[in-house]
Amino acid sequence: MKEIIIISVLGIAILALDILKLRKLSLPAAVIGLLAMITSCVMDWGHNETPFAEYGGMLKFDNYALGFTAVFGILGIFWLLMNSDQYAANSSKRTDIFTLMIFSLCGAIVLSAYTNLVMLFLGVEILSIPVYVLAASDRKNVISNEAGFKYFFMGAVASAVLLFGIALVYGACGSFEISEISSKLNNGNYSALMTFGAILMLAGFAFKVSVAPFHMWAPDVYQGAPTPITAYMSTIVKGAAFAGMFRLFGSALMPMPEAFVTAMAYMAAITLIVANLVAIVQSSSKRLLAYSSISHAAFMLGFVMMAQEAPAKYLLYYVLTYGVASLTAFSVLHHVSSIQNGDDSLTAFKGLIKRNPLLAIAMTISLFSMAGIPPMSGFLAKYYVITELLGGGYIYLVVLMVITSAIGAWYYLRLIMAMFTPIENAGRIVVGDIQRYLYLFLTLLIVVLFFLAGLLEIMGL
Amino acid sequence: MLTLLLIAIPLFMAFAIFLMGAKSARQLALIAGIAQLLVTIGAIAVHHEGDSSGLLSFNQQWIGPLGMSFAFSLDGISLVMVLLTSLMLPLIVYASYNRDYKNTHIFYGLMLLMVASMTGAFTTSDGMLFYIFYEFALIPVYFMILIWSDAENKGKTTLKFFIYTLFGSLFMLISLLYVYQISGSFAIADLYEAGRSMSSTEQGWVFAGFFIAFAVKIPVFPFHSWQPATYAAAPTAATMLLAGIMLKMASYGLIRLVVPMLPDGIAEYGFWALLLSAISVIYASALAIVQKKYKALIAWSSIAHLGVLAAGILSGNAQGVQGGVMEMLSHGILTIGLFFVYDIIETRMKHDDMSKMGGIRDVNPLFAFMFFAIVMGSVALPMTSGFVGEFLLLLGLYQYNAMLAGIAGLTVILGAVYMLRAFQQMMLGPTNELTKHFAPLTGHEKTVLGIVVALVVILGVYPDPILSISNPTVETLLQGILR
Amino acid sequence: MEKLVTLIPLFPLAGFLYITFFGKGFGKNFIGSLGAGAIFLSFIVSVLVFSTQMHGAHPTVVKVFDWITAGSFNIDFAFLVDPLSSIYLLFITGVGFLIHVYSIGYMHDDEGFNRFIAYLNLFVFFMLILVLGDSYVTMFVGWEGVGLCSFMLIGFWYKDMKNNEAAKKAFIVNRIGDLGLILGMCLLFAYSGTLSFDELFITGNDISGIPGAVATTIGILLFIGAMGKSAQIPLHTWLPDAMAGPTPVSALIHAATMVTAGIYMVARSSNLYAMSEIAGDVIVWAGILTSLMGATIALTQNDIKKVLAYSTVSQLGLMFVALGLGAYSTAVFHVITHAFFKALLFLGSGSVIHGMGGEQDIRRMGGLKKWMPITHATFLIGTIAIAGIFPFAGFFSKDQIVAVAFEENKIMFVLSLVVSACTAFYMFRLYFLTFHGKFRGTHDQEHHLHESPKVMTIPLIVLAVLSVVGGFIGLPHAVGENMGMHWHWLDHYLDGTLVMPALHMDLGTEILLMGLATLVAVGAIFYAWLIYKKRGELALEDKEIESGAHTLLLNKYWFDELYEKIIRKPVDAVSSFFGKSVEPHLIDGLVEGTGSATEATGNKLRLLQSGSLFMYILIFTIGLIALLIFI
Amino acid sequence: MQLFHNITINHYLTLSAVLFALGLFGILYRRNAIIMFMCVELMLNAVNITLVAFSKMWNQTDAQVFVFFIMVVAAAEVAVGLAILMMLYRNMHTTDTTFLDKLKF
Amino acid sequence: MISEYVFWFLSFVAVFSAAGMIFSKNPVYSVLSLIVTFFAIAGHYFLLGAQFLAAVHIIVYAGAIMVLFLYVIMMLNLNKLEEEKRTLWAKSLSVVAGGILMLVVVAALRRTDELQAVQSAPYDGEIGTTQTLGKVLYKEFLLPFELASVLFLGAMVGAVYLSKKELA
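Residue numbers (the numbering used here), protein chains in the order written: chain A, 1 to 461; chain B, 462 to 944; chain C, 945 to 1575; chain D, 1576 to 1680; chain E, 1681 to 1848.
One should not assume that every hint holds.
Cross-link-like lysine-lysine pairs, in silico, DSS-like; alpha carbons within 30 Å at most [unchecked claim]:
1) C/LYS1007 with B/LYS817
2) B/LYS754 with C/LYS1524
3) E/LYS1815 with A/LYS184
Don't read these hints as lab results, they were simulated from the structure.
Produce the complete structure using the sequences and hints provided.
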């Protein structure tokens, strides 16, 4: 509970700082606040605290919730630091953006901690609504507006669908409490109403996590939104949506009927194919990364398929590693494109190794991590998915994943090759000190996480 | 512990070189190589009088529940492979003295990184770790080619190389995981047990996965098309690393993982694999015959030899596997020799079109002599390292299937055809304008070629030290499967 | 005593190494004598070893070092000393020594002198390994080694691409045989579990378990190897071309020693061949065909060395006939005598060529006997010996073959008589055209015609002596017994090492056969004398040849052309087909195709992402409906 | 089950289904952002009806409270959505969604 | 009996005015017809005994949200907006998609027999009253209630931020 209080207070505090014209403080404040939140996560570890239990508390801060909260906090800090140079230190824009980000982070926490469909819905909305705004936050820019509108509008439709689903589930079970719901489901054979509701919820979530065929918004929005926001969406928003989805299918709607898992398998397959094949032919690196993030959604969906058996820690690991990698990648992309007036085509990366080796190496490492090549943590993440799926006997899906990740390596390499093709008269790209050290840190983290994966096993999740 | 040292030395030297910058990169790399060699010799010594103190093995759990652990052990086969690596590293570094690559430190750093990962692959006794090292070795060499190649289509070539090999090894991952589903641990010993416990059909499928992976890398006939282009594009040092050592990881994988793990699978479904290997002997030789460029010729010839290698190993008897070990060593040495000859010629004549050469023997008899020795090694003349390996391979293959041995044996003839043709075209006959002023060998060129020749001859005359290192291990490996 | 045997190959090796690495700056005489001396030393040791064997010492295996270990397959690098190997040692080192001495004179003006001596030493080294090796593998080392040396020596004058071609041809054709040999070894190992002669034939008897059919296969495979080395049909074509090398090389390698390696190997495996009729027949027929072919071709050749080369081919054929008929010791006998007189003849021709300043065409010679008497004399002895006139060496050995043929197989008997007739004829044709009549060369050739120096003539003389008396190591049974002295020494010496044919023919037949053989030979000689001496006819110039048979023979039955058509051309065609079509379009095409296909699909799929909200929501709806219907 | 005289839950479910589908149809059918937006509201209301009907069926208040929250969220969404719409109009001078195709492929 | 007729009446009103909202050219009309729909829905709430919700519904939707819409429409001056309709194939597609969706949903929702099993406690009219609602809202739903404030805050900030003029 403290986490949510901290985060909400933090949001308000930053607004206050804006009003008090102390905008410079907004960054340290936010970072400190998030750090505080993470520490409280650590302290609450293992308490399974259920706040306001007497008031039918609808959140449960078990290790699952705390783990995801902490990860979101960490990624949030990285994001803040990485973008501390984007908005003039004393502009109100900066504080606004930070506030919105903090608020949506609150939604993310709710999504990972809910025990009640009402909370689920609220969480989704709290997570999304600020992001609609963020996506459109480049006010003068038509592209950004379009992205914002598309995201918002389809998001609204999606949440309507999700709602309908919730309503039907309620109708079938007569309660919003996930514990009650799962008790109502006599192991797996849903009533028609239940099935129907579950499907609608699935669709709603599939939209949020951008799984085919509900992914259509993602490439446009990712491309149109300002790059920092894209980074945010592809890391925290996606992660939170998956946290919610996993909790839903892992604890509420469980055990799922076979058909559900099969359906998800098909969705994952379609996603893999579409995302990777289309990514190959992209000329805009930003859109390319967008598609890659869609294909990663397919991988994470693998965990949701196995939500009954698979331990959540692997999903957590995936969210973390992918988050770090894609945050790095998008930030590099941002730093590269922003100094050549927003050109995010592949050619914009030419000669990056000369123009700023650190950026090039960070990008390379993170791309390899996304491609799932050892010893980058991305490999283990994908490895976990694949083992789980093999355990579940989805050999074909695994083969497809393997093949498509080879295809994935293909378009990542196109980007890498661009970075390493020398060009003449290339000006250096300079990044601030914070960013430089952060890049270094993230790059190391990507590799270190690989070797520290053993710790995952001892954190009781 | 020594094994860790073997991986640590190149690793740390790599980073040291990265940080220290271009000045003394070469020297550092050379030092690293020599240190590596010394440690290897030490390891062999330890292994010789029985490793009582457990110096050669190391085991530290990594991801317990998933049965992954940082487990290394230097048994006979690994020792030979490590010996290959650490013999070749200083040679390659020293050989690269006659070119100066820009950003020297990056170049040698990458080289050492690659060596580290290859050593890891050769020494690990954990399936997953093997896969990881196997994959990782791809990255440094990829960059070595991408950055230091001067071919104009290098982008496409390297892309093809990377994707193709990655694609292949992913199948190995699937197979590995499939076995892991049964064994629940990646410790190679457990993998053996699990693998053998599977029905032969299952084994067949798993084998298919492994074979595709290794066939792409070895490379075996239909999966080879990445290789000639890559060799052509790569800077010589990278080619040496690639052909001399890195591709051996695949054949080593065959010995270490496939043959002991999937006996029934190979017995029932392995024939096609062996047939493909045999075919690639003929096919590659045929292509070698029509090559005009020397480098392309040795690229193809190496495919031909490795075809024999793969077939021999897969025949799964002591002779075949021993021959495989020996042939890996000798082929590594010979390949490096051949490519170094290319380097020498290319630096002097700026091309490697054989028809434009001739008479070099007249200008530079020493060079011709050493080249001839290497050529003889690669046509597997007795008293050269090539013979022992190839003979044992054929012996093993024959016991599996006489017909295949006959096909693969054609390398004895065809190899002579293209190698001698190349030698005569380049070295013999009258001199011409281009070759008349063929500069004499520099000191280090002499040294490198000399060492290579010496190795070729010594290993050919007295291979017993190597063979007797690996023989016990091979026999224990095969005990489980020989029925 | 046997321990000394290790020294035998060491001397030539040392010589080779020394000359190669430190030979610079020493005078030619020094180098020459060094090389020759090395061989001489090993000759001494060979004599010692031989003497022990002659006094009935048991065959012994001298292990040098562990060589190859692979599971059940264990090969030591070991030498086998037994009658067979020791007698080979003897004549290899002996003849080798003489030829070294000879080459000192012959190659004196060549700038590659050191190289030449070094190569010769290396060759002798490998030859010794070949005969000493205790296993097929060790033997194979020498086998390939001599091949290597022959490659280097044929292509000794490497500036001329023609020589290189010849060298390459020799090496590759040999390689074809070697493949057969290797496969033979594999099969033998697969059944007997060892490749050591000792375990297979002498102390052990591991071949006993081998079924007959397999024995046949092994025998034939091994024989393919022998075909390559010993130039039997169809792998004979390299030997005549090999004459591109300097003459001493032709004498040593392509007449006396290397080419008889095949006979050695088959004799060595006699126990194996004894197990298979069919293998024997194959050998016999291959042998006799080769022999006939060689003899007939030799009738028409005009290059002095080519004639000798084809005569070698035909003689080797005869030896194989003997082998095939099971008379292994007889074959060895003929190998030895042949080594003497053929070496003699080659050296003689060399001395002629030397005198003629490099001219090799007998149509440009004639009447040389007045310029080079010693050469003439020795050459004549050699000629008589090969023609098989009593009591020269050739007579006994060839007569034994004929006798065996008479016993075993009448067809062979007839054919072998034909061969010996041809032999006598073409040899004397050669002799007459070269040494008699009047000189037909250019004037300045005539101007500095001269007898060769001592260093060349002495070996000639020694060999001549040997060719005269060499035959007495193997007097025929009958003759031997009736003369009351147990003289058929060679058979008894080799008994126990080789399988012996049960030959017992009475004196009458023996004498009859001898008479017949001699008669045939003499008749042929007389005919040759009639044509080339009496009528003084000359060999035709190439353009004045019209008879079909003659052309056929002159073109060596068009073997080379045939191979060109049915082997070389197809191989090249296939290769370039692979290179031009299969590789780029099929194999690589598939890979590339996959890539581009993927991209194409991607390009199609991206059109779905049309950017219109309507489309997106439509797909959303469709997806929803699909889900609802699916579940 | 019977909610009140002759009217079962199915009637209400059907009604909401019709409205829901109608809303989606409207979104597809119209191009004007505002109208489409209203259609979304319609869909939300369809959900509300269901919930209220269910609350009657289960005889619980939770659902009604949930409806309450849905209204809240809807209001918030409308606020943001209209803000975005305004901004869009400011930059593009239209509310016709078919012109939103800068981002594609 | 009467309530039954009322149900049918309200349903028809709701559906038809919704349709009107979709098909009317003039956005203002659309708004108005949507408001009619909302009133009908409010009626349903009454029928279902959720008086308070009905009231809130009128207030929030008809009173607030739709006014907001109207305000925007006026401000953007979209009355009589000359929007050429979608292309024919688009229309037909949307009809088909919507139709199928409706069919599927209806079909699926028809199969709710298991709900017959749900035993309804003797209906107490209290559940819809302000009092009970308030109790539940401020007791069990306290947490969501608080979080809703966060949501609002976020939405407010967002809306304000978006409608701000870009400075600098």
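Evaluated hints:
no.	hint	verdict
1	C/LYS1007 with B/LYS817	49 Å, violated
2	B/LYS754 with C/LYS1524	15 Å, holds
3	E/LYS1815 with A/LYS184	26 Å, holds
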